[in-house]
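Undergrad: Sequence:
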Amino acid sequence: MGNAVRDTSWAIEPSRGVYNWSRFDEQINKLSSYGFDLIGNLLYTPQWASPHPEQTQVNISVPAYSAYAPVDMKDWEDFVRAVVTRYDTRIKTWEVWNEPNLPGLSGFWLDSTERFVELLKTAYQTIKEEQPDSDVWIGGLAGRNYLNFYKELLSLGGASYFDKLSLHGYQPDPREFQRIDQAFGIASKQWADSESHAVLVNSNSVTGTVPTESEIAKRMIVDFLSQLKWGTQKIAFFHMLNLSEMETLSYAKSTGTVTHASGLFRSKPRVEPRLAASVAHHFSILLANRSFIKGSMFSREDKKQLISTMTEPGS
Numbered sequence: 010m011g012n013a014v015r016d017t018s019w020a021i022e023p024s025r026g027v028y029n030w031s032r033f034d035e036q037i038n039k040l041s042s043y044g045f046d047l048i049g050n051l052l053y054t055p056q057w058a059s060p061h062p063e064q065t066q067v068n069i070s071v072p073a074y075s076a077y078a079p080v081d082m083k084d085w086e087d088f089v090r091a092v093v094t095r096y097d098t099r100i101k102t103w104e105v106w107n108e109p110n111l112p113g114l115s116g117f118w119l120d121s122t123e124r125f126v127e128l129l130k131t132a133y134q135t136i137k138e139e140q141p142d143s144d145v146w147i148g149g150l151a152g153r154n155y156l157n158f159y160k161e162l163l164s165l166g167g168a169s170y171f172d173k174l175s176l177h178g179y180q181p182d183p184r185e186f187q188r189i190d191q192a193f194g195i196a197s198k199q200w201a202d203s204e205s206h207a208v209l210v211n212s213n214s215v216t217g218t219v220p221t222e223s224e225i226a227k228r229m230i231v232d233f234l235s236q237l238k239w240g241t242q243k244i245a246f247f248h249m250l251n252l253s254e255m256e257t258l259s260y261a262k263s264t265g266t267v268t269h270a271s272g273l274f275r276s277k278p279r280v281e282p283r284l285a286a287s288v289a290h291h292f293s294i295l296l297a298n299r300s301f302i303k304g305s306m307f308s309r310e311d312k313k314q315l316i317s318t319m320t321e322p323g324s
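Each residue of the sequence shown is one higher than the last, beginning at 10 in our numbering.
It should be emphasised that the hints constitute simulated quantities derived from the structure, not laboratory data.
Ideal Cβ placement from N, Cα and C applies to all residues, glycine included.
What follows is a list of derived Cβ distance ranges for each label pair:
id, residue 1, residue 2, range
1, ASP16, SER276, 12 to 20 angstroms
2, GLU256, THR94, 43 to 51 angstroms
3, ASP172, LYS277, 37 to 45 angstroms
4, LEU252, GLY194, 36 to 44 angstroms
5, ARG188, GLY113, 21 to 29 angstroms
6, PHE274, LEU156, 28 to 36 angstroms
Taking lysine to aspartate or glutamate and the EDC-like style, the derived pairs with C-alpha atoms no more than 20 angstroms apart in a straight line are:
id, residue 1, residue 2
7, LYS83, GLU22
8, LYS277, GLU256
9, LYS198, ASP144
10, LYS198, GLU161
11, LYS227, GLU254
12, LYS238, GLU185
Turn these sequences into a full structure, and let the hints steer you where they fit.
TA: Here it is, written out as structure tokens:
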């Protein structure tokens with residue numbers, strides 16, 4: 010807990026060599042002042058650097074032209090270097106891209122795996138030149154749908170260019186990826202969840218009544234304990250603020266609107282913590298400076314009970 014991912018999008022360079030830092034400076038300074046452990050997310054090619062500037066259609070809020078590696082990888086290198094050097098004292102963890110996958114399987118990456126490995130290599134080497142003690146994560150992969158991409162990435166030598174495997178979703182499970190590592194004779198890296206969907210409810214998944222706040226908080230704890238069991242190093246929530254509120258999701262579905270509630274805090278009618286925020290806070294206090302040993306779930310009729318064993322360091 011206490012982690013924050015800040016999308017340091019390449020859009021801050023609207024033309025080659027011209028940067029607009031004001032918004033990022035303000036946000037990163039504020040998050041740093043509150044003691045967040047920041048994760049910088051380097052991603053999305055600006056229109057001027059894209060091989061397909063004509064592709065202006067939007068896929069899940071991302072213009073298609075931004076989902077390709079740049080024509081000139083030196084432009085990407087210059088951007089990465091500029092961001093890393095500017096925020097050197099405040100950000101030591103960098104996630105490269107977002108949910109890359111084989112062509113046609115992700116709206117965030119429309120290019121080839123070969124080009125992604127080239128982009129990842131360039132970012133990794135540039136970051137390490139400027140910040141040798143940094144932690145570089147591969148852009149979050151989201152479940153079994155990404156396994157073939159991961160195999161292809163490893164076959165192209167991509168394992169040399171990230172320090173941690175970053176996963177997304179609800180109860181992200183690294184074990185399938187670790188089995189692929191084993192098949193390639195590669196030592197599995199530590200992993201982290203950089204986009205937790207522990208409390209996310211999509212409008213298109215609503216059937217009947219929406220889950221209660223208590224049910225969502227319980228689901229979140231199951232997610233956390235599963236991740237601890239599988240060795241996660243960090244968990245960062247998808248959103249701090251709801252995009253939409255739970256009470257609006259049924260109506261959104263009836264009108265064909267795709268939206269979600271995924272934050273620890275409500276955004277309307279005012280910003281205030283949801284039950285999950287209080288539970289997550291208490292959970293993080295209970296687990297502070299402790300290591301996970303084992304956990305079990307027992308079920309009887311409609312009731313479930315979780316038992317988790319933790320230990321303090323050195324005990």
